[in-house]
Amino acid sequence: MRSLNFILCALLLPASAFSFLAPPSRFGRPVSRLFESPVEVIENPGTLTLLGAGPGDPNLLTLKALSLLSDPSTLVVSDRLVSQPILDLVAGNLLIANKNPGCADLAQNEIYNWCMASLSLGKNVIRLKIGDPFIFGRGGEEVLYFRERGIDPVVVPGISASLAAPLLGGVPLTHRGVSNQIVICTGYGREGTSPDLIRYHPEQTVVFLMAIGRLRSLSQRLMEMAGYPGDTEVGIVEKAGCEDQRTLRGNLNNIADLAEEYEIVPPSTIVVGGVCAVLESGMLEKKDGLKGLDGTLVDLAESKSVEILKGEVERLKEELAEKEARLEEMK
Numbered sequence: 002m003r004s005l006n007f008i009l010c011a012l013l014l015p016a017s018a019f020s021f022l023a024p025p026s027r028f029g030r031p032v033s034r035l036f037e038s039p040v041e042v043i044e045n046p047g048t049l050t051l052l053g054a055g056p057g058d059p060n061l062l063t064l065k066a067l068s069l070l071s072d073p074s075t076l077v078v079s080d081r082l083v084s085q086p087i088l089d090l091v092a093g094n095l096l097i098a099n100k101n102p103g104c105a106d107l108a109q110n111e112i113y114n115w116c117m118a119s120l121s122l123g124k125n126v127i128r129l130k131i132g133d134p135f136i137f138g139r140g141g142e143e144v145l146y147f148r149e150r151g152i153d154p155v156v157v158p159g160i161s162a163s164l165a166a167p168l169l170g171g172v173p174l175t176h177r178g179v180s181n182q183i184v185i186c187t188g189y190g191r192e193g194t195s196p197d198l199i200r201y202h203p204e205q206t207v208v209f210l211m212a213i214g215r216l217r218s219l220s221q222r223l224m225e226m227a228g229y230p231g232d233t234e235v236g237i238v239e240k241a242g243c244e245d246q247r248t249l250r251g252n253l254n255n256i257a258d259l260a261e262e263y264e265i266v267p268p269s270t271i272v273v274g275g276v277c278a279v280l281e282s283g284m285l286e287k288k289d290g291l292k293g294l295d296g297t298l299v300d301l302a303e304s305k306s307v308e309i310l311k312g313e314v315e316r317l318k319e320e321l322a323e324k325e326a327r328l329e330e331m332k
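For what it's worth, this note's numbering labels the leading residue of the sequence shown as 2, then goes sequentially.
Please keep in mind that the hints were generated in silico from the structure rather than gathered at the bench. Among the hints, erroneous ones may be present.
Unchecked claim - Cut-off 30 Å, straight-line C-alpha distance, at most; resulting in silico cross-link-like pairs (DSBU-like, lysine-lysine):
(1) K65 with K124
(2) K124 with K318
(3) K324 with K124
(4) K65 with K318
(5) K65 with K324
Claimed, not checked - What follows is a list of derived Cβ distance ranges for each label pair:
(6) E41 with R81: 36 to 42 Å
(7) L328 with E262: 54 to 60 Å
(8) G123 with N99: 23 to 29 Å
(9) H202 with A326: 52 to 58 Å
(10) I43 with Y263: 21 to 27 Å
(11) K318 with E41: 33 to 39 Å
(12) P173 with R217: 42 to 48 Å
(13) T63 with Y263: 30 to 36 Å
(14) H202 with E320: 52 to 58 Å
(15) P173 with T63: 21 to 27 Å
(16) W115 with E319: 54 to 60 Å
(17) E262 with L96: 33 to 39 Å
Built from N, CA and C at the ideal position, the CB exists for glycine as well.
Make a model of the complete structure from these sequences and hints.
Okay, structure coming up:
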């Protein structure tokens, strides 16, 4: 009877109560837990590449990225915010995750299922991520997920929007006498953002990724919790490197109102600090001439047409093909 009672009690307890039965891993956590379903490990999987797409301009892709996207035998699983000109370069099959706010976890599971289904069939899969995979792109989480299932992804870096978008919007992240340090944050970490951890410093530049949906609360928290003056300059670069790129300038007091007025949307990179005004005096007049509430310009970037971009991409492909042919002749 005692044995039966013990078994009944054991069945009613959560699996975590038996974690002491599992051997510890080198990270201090059990490598397996009683009653948990085992992780399916693929014996002979295909290949998986985590590929950075950069901020949006196809010309900012690495040559390796262009070569991988040009392979017709691959499945490309892409983030929603990767630009259309880059998606147009995909020669194989393409699936796009619907990572809208509020359904990111569901979309991430969908991505895992797509990748695992193809990898189990021995296919080559490219996980295409905006910017750089490891700068707030959950790239590290994806590597750990796939490693646990017997797949070690190859990681191809991409140019992060945290560095490229400000440059494309005319904002230097550092400038002598203005800023000598850079902090990169996300607007959708735990509890949104933590500006209390990035106390105001007059020679500091702060870059926020994925934060445009929380711009108003972010601005308030920077002023109230982190000691930022209300007149601290702010720049927003929307769709950096794309044909419809826009740059909006304001300050912490008015930037949320300006962003609503001009309907700024993701993907947008927010820069906070004195560097946002460094190059304003030398700016050329932009073609739209729109004015913000405080007289700052909302400017559309002068960029090449999609046709020209595609032409340059085709030229690069031809050059790569010629080099490969020469190498074959030399063998």
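> Between H202 and E320, does the C-beta distance stay in 52 to 58 Å?
Replying inline: violated (46 Å)
> Holds or violated: 36 to 42 Å for the Cβ distance of E41 and R81?
Replying inline: violated (27 Å)
> K65 and K324: Cα distance at most 30 Å?
Replying inline: holds (14 Å)
> Are the Cα atoms of K65 and K124 separated by 30 Å or less?
Replying inline: holds (19 Å)
> Taking the beta carbons of E262 and L96, is their distance inside 33 to 39 Å?
Replying inline: holds (36 Å)
>> For the hint 33 to 39 Å, verify it against the beta carbon of K318 and that of E41.
In response: Holds: the Cβ-Cβ distance is about 38 Å, inside 33 to 39 Å.
> That 52 to 58 Å hint for H202 and A326 (C-beta), does it hold up?
Replying inline: The hinted range 52 to 58 Å holds for H202 and A326, with Cβ atoms some 55 Å apart.
> P173 and T63, beta-carbon distance inside 21 to 27 Å?
Replying inline: 23 Å Cβ-Cβ, so the 21 to 27 Å window holds.
> Is K124 close enough to K318, meaning Cα to Cα at most 30 Å?
Replying inline: At roughly 24 Å apart (the allowed maximum being 30 Å), K318 and K124 satisfy the hint.
>> Please verify whether K65 and K318 have alpha carbons no more than 30 Å apart.
In response: Given pair K65, K318 holds - Cα atoms ~11 Å apart, limit 30 Å.
>> With the threshold set at 30 Å, check whether the alpha-carbon distance from K324 to K124 stays at or below it.
In response: holds (27 Å)
> Does the hinted range 42 to 48 Å hold for P173 and R217 at CB?
Replying inline: Violated, since P173 and R217 (Cβ atoms, about 26 Å apart) do not stay within the stated range.
Hints 6, 10, 12, 14, 16 from the list above are not met by this structure, while the remaining hints are.
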